[in-house]
Amino acid sequence: MKSILTIATLAAAALATGCGVTLSLHPLYTDKELASDLQLEGKWTDDDAKDIWVVRKDGNVYVATCPTDTDSEAIEMRLVRLGDHHFLDLTSKNTPSLAIPGHLFAKVSVAGDELQIQTMGSKWLEQKARETGFPYLELDKQVILTAPTPDVQKFVLLHAGEPDAFEDAERLHRVR
Amino acid sequence: MKIISLLVALAAATLMTGCGPTLSLHPLYADKDLVSDLPLEGKWTDAEAEEVWAVRKFGDGFEATSRGASDAEKVEIHVVRLGELRFLDITPKEPPSLAIPGHMIAKVWMEGEELRIQVLDSDWLKQKIRESGFPHVEVEDEQVILTAPTPELQKFTLLYAAEPKAFGSDVGKFHRVRSAP
Numbered sequence: 003m004k005s006i007l008t009i010a011t012l013a014a015a016a017l018a019t020g021c022g023v024t025l026s027l028h029p030l031y032t033d034k035e036l037a038s039d040l041q042l043e044g045k046w047t048d049d050d051a052k053d054i055w056v057v058r059k060d061g062n063v064y065v066a067t068c069p070t071d072t073d074s075e076a077i078e079m080r081l082v083r084l085g086d087h088h089f090l091d092l093t094s095k096n097t098p099s100l101a102i103p104g105h106l107f108a109k110v111s112v113a114g115d116e117l118q119i120q121t122m123g124s125k126w127l128e129q130k131a132r133e134t135g136f137p138y139l140e141l142d143k144q145v146i147l148t149a150p151t152p153d154v155q156k157f158v159l160l161h162a163g164e165p166d167a168f169e170d171a172e173r174l175h176r177v178r
Numbered sequence: 483m484k485i486i487s488l489l490v491a492l493a494a495a496t497l498m499t500g501c502g503p504t505l506s507l508h509p510l511y512a513d514k515d516l517v518s519d520l521p522l523e524g525k526w527t528d529a530e531a532e533e534v535w536a537v538r539k540f541g542d543g544f545e546a547t548s549r550g551a552s553d554a555e556k557v558e559i560h561v562v563r564l565g566e567l568r569f570l571d572i573t574p575k576e577p578p579s580l581a582i583p584g585h586m587i588a589k590v591w592m593e594g595e596e597l598r599i600q601v602l603d604s605d606w607l608k609q610k611i612r613e614s615g616f617p618h619v620e621v622e623d624e625q626v627i628l629t630a631p632t633p634e635l636q637k638f639t640l641l642y643a644a645e646p647k648a649f650g651s652d653v654g655k656f657h658r659v660r661s662a663p
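Chains as they are written, first to last, in the working numbering: chain G, 3 to 178; chain R, 483 to 663.
If we strip away everything but chain R, and leave its shape as in the complex, we get (with noise of 0.2 Å):
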């Protein structure tokens, strides 16, 4: 599966309901909440090993682009750091002029050499945000859009990181692809 659309399917929203997955309008950081203290230069796959991720430093983030896809999305990554946790926010790089970027937040980590990525679980999240008033709103085919600024966000996804329900229980992994020598 193609890496971009295993996130999106991770996040339950494209299997479960159809709809697209919960995206943020705004940044899940602030300039100072990013950090590098996270190996993801290189090349990375994962287990069906059908498309090849090659991530390489770009201003304060990362960029990642898909090798072996022919509709491949190009996309920004920003690593973030809230307490001791680590997250990503993925947004896309090039949209077309008449979208509007969103940003897609996920945790990660490293497991031995192996990177992993679990996404915000849309289902959760549109439950908890009708909920808790969580400012969003929902545009064509259900899909929730989260509108409040980064320092809200922020509290909310630290607030309910270590709950289980909140990411999933899908978890990511991808392995580095070595070069022959």
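The following block holds chain G by itself, in its conformation from the complex (with noise of 0.2 Å):
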């Protein structure tokens, strides 16, 4: 199963590899990006219907749980407008004090009862910030974008429409 709902385990298995999700120090909004105009809260699951999800709206934030698997964690979401696009900002709800929330970016869009999710590419964005010089840092396993969130959402923006930019669409199903 690949799906948003996976994406915790995907970013472990990546730092077990030694290849870290690319994450951002900045978060992709401020307040007046904060958008609730796409129909996130429910239940949803993938093709494979194995684990459902729970997707809970508390204020600007959604948290997403897998009450059906116990080793998943739970992710904050929140749910960004840029220009024309939907994005959402991805972040662990449960950050420990020594730890700084990262940041992971998506395009997202609702259509009937299809949510479908497409991360940004950690190889890509790796690249795109080497080649660039979009701020960033090297960690042991990992980049890390630096730049402030109005840099970020430029930087985002002005890639949303290439398509090597984002991993493959992830589809899932509403659950009625």
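Incorrect hints may appear among the rest.
A few chain R positions that, by computed beta-carbon distances, are all more than 10 Å from chain G [said to hold, decoys possible]:
#: 1; residue: Thr-527
#: 2; residue: Glu-532
#: 3; residue: Ala-536
#: 4; residue: Phe-540
#: 5; residue: Phe-544
#: 6; residue: Glu-566
#: 7; residue: Gly-584
#: 8; residue: Glu-596
#: 9; residue: Arg-598
#: 10; residue: Glu-613
#: 11; residue: Val-621
#: 12; residue: Glu-622
#: 13; residue: Ala-643
#: 14; residue: Val-653
25 Å max Cα-Cα, derived DMTMM-like pairs, lysine to aspartate or glutamate [what the hints assert, rightly or not]:
#: 15; chain 1: G; residue 1: Lys-95; chain 2: R; residue 2: Glu-634
#: 16; chain 1: R; residue 1: Lys-637; chain 2: G; residue 2: Glu-78
#: 17; chain 1: R; residue 1: Lys-608; chain 2: G; residue 2: Asp-153
#: 18; chain 1: G; residue 1: Lys-156; chain 2: G; residue 2: Glu-78
#: 19; chain 1: G; residue 1: Lys-125; chain 2: G; residue 2: Asp-153
I should point out that these hints are in silico values taken from the structure, not numbers from a laboratory.
Cβ atoms here follow ideal geometry from the backbone N, Cα and C, with glycine treated the same way.
If you follow the hints, you should be able to join the two separate chains into one complex; please do so.
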């Protein structure tokens, strides 16, 4: 199963293999870009229908949990509107006090009962940052984007239409 | 108070400003700086004895787990020798996948059988790095994250190791928990 619901698992696997997920220190949003015009709340599953994820809204934050998988991590999602695009800013819900929330970005759309999510590609981000001098730093196993939110927004919007910038679409179905 | 919470509180950040502690993205150590000449292994608690911190050797450092706190954090600790001083580099052991591990820096020494820990003061640090241009970024809630690579971080830490304001006025004091005979 590959879905937004397993992003945390994918990220952990990537770190274990020495290819960390490229995260941003700064979020993709300020309060004024936060949106709530996509129906993200509810229960979602993928084609396998193995796990069901529950998305709840709490203020401006959507929290995704998977009650059927005790090993899964709760993820906080913010719906961000930039230009004509909707994005998700994803971060772990329970960040320990000695860790810094990392932000993962994805394009998102809802059509009927289908939720489609495309995360930004870590390798693509890493390569583009190196080529363009977009601010980043390298840790042991991971590239971290350090640009402030306005610069991150411009960067993401600039490349929103580039197919290579995003991973394959992950499709989830609403559970009625 | 829970021990990690206590260390964070010693950094003054959460008490004074409500923001997170100053953390470094890079560790304070390279392999050659690691030592194991402090008797850290065992069980420790502070004066309030609300929580017992179990420390055991793990790889080239230590792992510390809280007992008695339901939401306790498991951390990795490395003892770092810089000059004549010992420092702790404390980082979360198993952070969530979308979190970036930070490194908290503290001075450490033994006084008799008591373990003493003094955390780099976040308010002092924030002012100093703004003045000096030491590499950092500020994230949400004005939390300061040091971004300098390890060699620069070591020089900076050692430079201010003897500066009284750098490590605050509060010292965490921990005593060993002896098992009942």
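* **Hints breached by this structure** => Those not satisfied are hints 7, 11, 12, 15 and 16.
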